[in-house]
Amino acid sequence: MDSALEKSLTFIIFILIGVLLKRKFSQGDETNGLKTLILTLALPATIFIALLKIKIDDNLIALPVFAIVLNVLLFFIAPILISFVGITNKASSNAVRLLFPSLAPGLSCFPFILEFLGDNYLAKAAMADLGNKFFVLFVLYLIAIKWHHLNKSFQKESIKSKLQSLAKTLFLEPVNIFISVALILLSFGITISNLPVFISETLTRLSLIMTPLVLIFIGLALKLNKKSFYQIFSLLMLRGAISLFLVCVVILMFGISMEKETLFMLAFSLSACSFWPFAHISNISFKEKQIEDEKKTFDAGIALSILALSLPISVIMILTILTAGNTFTDIKNIIITAVLFCAIGSIYPLLQFLKLQLKSSNKMHSKVRTKVISSNTK
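When we follow the working numbering, the leftmost residue of the sequence shown carries the number 462, and every step to the right adds one.
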């Protein structure tokens, strides 16, 4: 059996273990505790080791820029797709627009990049995520506050203090601390082999538990909300299609020919939606708790549904691409896949459009019949 396929089957088994353990874990503190363990210990240790194994070059600086450009393009494309899938409610539209351009690579693509592409590309993914973190923490927060202010009269609060709090979150997040320390050590020529054995061994053992824990967490977190399922599914498929098209543009613009570089960009761009925009939405929803639902700035319910569905869809997409390996290093195959995702994402909106046209046609026929009947009776 192909080694990539064997890895994928192993990952699927771990995800199924998580699904089977759902009843043993509460969806609150216990599941969140596992997520905290991943994000504060296993993931930082893994990224730290990966960074200390690479050589710093100018290309690393371009990675956060790549992530921010991807975020910005997805943000401006979102309104078109929201209209296409038929989301007309303003609060729901605002929630989708905030989550749509965000990325959560830590849980959705880092483990698979590590297993399929190696430490070097995990380090690159961590650097790219710095740009994404800046966008979701600061840019999307400012956008959320602006929409909140435009939506209703409000009591002014200190945006400065909130930004300071977000800056503190950004710089004190364990992953970012480990990245900063690793980059400082690398600037002095210190690599993983120069560290004391007890430190390198501790970090190595912590990193070994990351992939199994992440996969079990995905299984535990997997839940599908029937409300707005088809609209959200369509949106996420179209989001995946756009991400693939954008990667194709980057490949063509910069003449990227390395197979692993292509797979890395594909996996990173297909990351699930981030939790941070939902945190901004929750914060604003708390301020608006006295307001009627239809007048609120954001629909927190649809935001939760997007988070719940985004993770499994992203994992399936990323695993499929990395398992296929060299198949997706050919730009033609990437474009074909993007068109396929686009077609799948368009099924529901097109069916709704045809249904609407049929209804309007039936209404017209019934009006004509009514007129004919009334004229005959006269």
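It is possible that some hints are incorrect.
No more than 35 angstroms apart at the CA atoms, straight line, and that leaves these computed lysine-lysine pairs for DSBU-like [to be verified]:
1. Lys607 x Lys514
2. Lys551 x Lys496
3. Lys514 x Lys496
4. Lys496 x Lys824
5. Lys483 x Lys607
In short, the hints are calculated from the structure, not lab data. Keep in mind that this is a model prediction, so the values were computed, not measured.
* Give me the numbers of the hints this structure contradicts, sorted from smallest to largest. => Violated hints (numbers, rising): 1, 4 and 5; every other hint is consistent with the structure.
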